[in-house]
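K.L.:
The chain contents come next:
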Amino acid sequence: MAEILVLVDHTDGVVRKPTLELLTLACRLGDPSAVFLGPDAGAATETLGRFGARRIYVVDAPEVDEYLVTPTVDALTQIAGRTGPAAILLPSGPDGNEIAARVALRLDSGLITDAVDIIAGPGGPVTEQSAFAATHQVTAHVTRGVPVITVKPNATAPEAAPAEPVIDKQDIVFAPASAGVRILSRTRRERSDRPELPEADIVVSGGRGVNGAENFALVERVADALGGAVGASRAAVDAGWYPHSHQVGQTGTQVSPQLYLAAGISGAIQHRAGMQTSRTIVAVNKDPDAPIFELADHGVVGDLFAVLPQLVDEIERRRS
Amino acid sequence: MKIIVCVKHVPDATADRAFAQDGTTDRASVDSLLSELDEYAVEQALRIAESDTDADTEISYLTVGPDHAKDALRKALAMGGDSAIHVNDDDIAGSDAFGTSLVLARAIERHGFDLVLCGMASTDGTMGVVPALLAERLGVRGVTHLEELTVENGTVTGRREGDGATVRIEGALPAVVSVTDRSGDARYPSFKGIMAAKKKPLETLDLADLGIDAPHVGRAGARSAVDTATRRPPRTKGEIVVDEGAGGAGLAAFLTAKKFI
Ligand SMILES: Cc1cc2nc3c(=O)[nH]c(=O)nc-3n(C[C@H](O)[C@H](O)[C@H](O)COP(=O)(O)OP(=O)(O)OC[C@H]3O[C@@H](n4cnc5c(N)ncnc54)[C@H](O)[C@@H]3O)c2cc1C
Ligand SMILES: Nc1ncnc2c1ncn2[C@@H]1O[C@H](COP(=O)(O)O)[C@@H](O)[C@H]1O
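Going down the list, the protein sequences come from chains A and B. All residue numbers in the first sequence are consecutive under the working numbering, ending with 643. All residue numbers in the second sequence are consecutive under the working numbering, ending with 500.
Think of the hints as simulated: they come from the structure by calculation, not from any bench. Ideal placement from N, C-alpha and C gives every residue a C-beta, glycine not left out. Keep in mind that a hint or two might mislead.
As the list claims (entries may be wrong) - A few chain B residues that don't get close to chain A, going by computed Cβ distances all over 10 Å: (1) Ala259; (2) Ala267; (3) Ile287; (4) Lys431; (5) Ala453.
Unchecked claim - Straight-line C-alpha distance at most 30 Å; calculated DSBU-like pairs for lysine-lysine: (6) B:Lys497 - A:Lys609; (7) A:Lys340 - B:Lys437; (8) A:Lys609 - B:Lys476.
Sequences and hints are given; from them, build the entire structure.
P.N.:
Printed below as a string of structure tokens:
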């Protein structure tokens, strides 16, 4: 069967869930091979194998951490050149999309970004994407070269497909150091015990109506009661109430969870662009005319400072 | 220093956008304007020019698009800057990011540059890949999604929110940089600026001027094809209840029915 390359997204060898989703999609198209950059491949082997990786190409070189993006591009392009895959899958995001675009250009291939699903078609992978603030659905395929596709988190549920991966160390000729953008410092974002926003099944978001950084504790309490991630509107982020990495929307993270709860968020088009493909949407807003209610499966017109504490109490009561 | 800012004319994101019969963006039914996210790139260019002690920074805007795309250039010129280039050719219609970046790259090479500034993504296509493709095609450093940008002594430094980490980066010019909507609020054109923009030089080029063969761009050169484009059925509005003391409990009941609790 045809080989499908999957770029692994990981932190110190801990593989992130979207990579498992990519492996599951790759199984539909052919035999997945993982491409792992960094020194910790050993820690990732078992997980990658469990979700179907037949082979793991390992690139362990210092350049990967010293420079932005281009070392990964060099590695993927050269491995693709050596192995002739039938498709290359990468996680969506600023980095993933950029790497994918450069790889596609170098391979003289076509590119599809931010797919929400992939199926095997007669002439290669067929993708599904959302367009125009998620009001439209588009299916497309690559017409030239090796299809390079970036896929959004939650495109599919990871399915175990156990394999015994072969470890295949790859030497890469990196472009001269002068070609790259040097990383001066890297500050990891503190990881909380909550699920990560892009991949969470449940997201609880607060907006301007939350009215202060200290009040976000209430949004966090709801998120914790439901086992979800915390999101925020740009208004709340711009006010400095919550970190930008939690912004949902056009210029933040685009989420597609099973449940999205919007509290004190009006539902501007740029916010909707990042959440309206959520399976179930619920909203709390004191303005009955807030546009967010047009999307809501269940809406409460009321003060979030009354509604959310009662919601938390009721969840705890129902659980005990 | 020569700065080129790439600006795109896009259908108004707040209007009801649609696809044309052939699967390309319908540009006829909705008003278009300078992509909001490109205003941040214009702003950064103007700030760099203002902080330049030699005062020899020259800002040009570049757009690839049909006749109306000129409006985006005039809007940018009204904010400030010196001149503009419009690449307009019927054969460009239907280009994907590869075709667009080829045209932009040739126009940039022809003009000469130290720094190319872009928005983080266009509000219609939202791929956010043109800046990276430009860096690749021009063979210069590229850094995208900067939230903070300084250009001094031929070096770009900046801050970028990457996946899971904040990174500080540095690279020497020439370079291609894209900036986010957090890089600094864009200014409004003044009345004086709008009047002055009308007199600033605007050059129009076609594919022949750039030495590009038509089959490399447009629909003919596109590397992917849309099979279907359909409007998602609108979400059906659910039950909206006014809280009269039991709104939170009612919400919990709904979430229980949906098996989230
Ligand atoms: C280029 C660009 C990109 C953008 N990208 C994004 C993006 O990625 N994400 C994003 O979110 N926005 C984005 N925006 C901003 C967007 O247009 C809106 O300004 C923003 O989403 C508004 O946030 P909000 O809903 O929290 O605030 P508001 O619109 O001010 O709404 C606050 C809501 O809270 C309600 N409220 C107030 N108090 C209470 C209370 N006690 N109880 C219950 N309800 C209450 C009010 O009725 C109101 O509906 C972008 C804008 C631009 C121009
Ligand atoms: N047709 C175009 N003309 C000028 N600049 C463009 C064009 N298309 C894209 N760009 C630039 O590339 C950035 C990213 O676009 P995109 O990759 O289409 O999301 C935009 O913010 C612009 O700065």
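K.L.:
What are the numbers of the hints that this structure violates, sorted from low to high?
P.N.:
7
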